[in-house]
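Protein chains: 2
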Amino acid sequence: MIGRLNHIAIAVPDLEAAAGRYRDLLGGHVGDVHILPEHGVRVVFVDTGNTKVELLQALDDSSPIAAFMARNPGGGMHHICFEVSNIAASMEQLLAGGARVLGDGPKIGAHGRPVVFLHPKDFDGTLIELEEVEPELTPA
Amino acid sequence: MIGRLNHIAIAVPDLEAAAGRYRDLLGGHVGDVHILPEHGVRVVFVDTGNTKVELLQALDDSSPIAAFMARNPGGGMHHICFEVSNIAASMEQLLAGGARVLGDGPKIGAHGRPVVFLHPKDFDGTLIELEEVEPELTPA
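Order-wise, the sequence lines are chains C and P. For the first sequence, the positions run 1 to 140 when the working numbering is used. For the second sequence, the positions run 1 to 140 when the working numbering is used.
Hints are supplied without guarantee of correctness; some may be wrong.
Because identical chains share one entry, a pair is satisfied inside a single copy or across any pair of copies.
[To be verified] Quick list of in silico lysine to aspartate or glutamate cross-link-like pairs, EDC-like style, CA-CA up to 20 Å:
| no. | residue 1 | residue 2 |
| --- | --- | --- |
| 1 | Lys52 | Asp32 |
| 2 | Lys107 | Glu38 |
| 3 | Lys121 | Asp61 |
| 4 | Lys107 | Asp14 |
Everything labelled a hint here was simulated from the structure, so no lab data went into it.
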């Protein structure tokens, strides 16, 4: 079911400072700041060539990552995202196997694609996001 | 400086159970158990095609991840590892920029290559490993 690791998300208290460290100290390929009001976050992507690090900062106290930041004021690794080809089939298989999906099922995620989050207690304390990706165009 | 994300490491309380969930529930490409006594861990790699998830279990209470497990008995995301081409040059650049390297400098890591770990307080609560990789053979 799971395909590529799409990204690892790190929640940070100061997005510009974190992006500066990834650019200047680590020499990473750091993108621009994007504001995603419907997700309650500002994000910067660091492109590592094979995958991405997503730096996230809460927009305000109603952000989905606000509770995480209250527990981890200095920031921390927040979730990992795997690509799947069919999110409905993945959900069905996970629920049949006894895993818990957070919320009411797939929503449109930060990349405009359907996503679900799995309960971290079912996966060794790790919050896992599944994102449905467009089928790859296979060269003829 | 940083290149590909080599792996994300997740510390788990029960390696076989965690590997089983990645294989059976998530349908991942899960490898065999490797015991690394010199690193105090047993590991299983999940190959995602573009990178790897490294599941880690402490061998005993003297393991480098024992303190993490005491704080996070259910497990959790432990570190991320970026590839670099020259670890001595990377360390010099990081130290000059004010970042802290853990321990006395590069050691031979779990993959038989030189590694260093950076202080998580310098990178938003995220423990970062740098691993020196062999230079790629460029096709003529």
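Results for each hint:
1. Lys52 with Asp32: For Lys52 and Asp32, the Cα distance is within 20 Å only inside one copy (13 Å; across copies 27 Å).
2. Lys107 with Glu38: Classified as within: same-chain Cα gap 12 Å, cross-chain 44 Å, threshold 20 Å.
3. Lys121 with Asp61: neither (24 Å within a copy, 23 Å between copies)
4. Lys107 with Asp14: neither (27 Å within a copy, 32 Å between copies)
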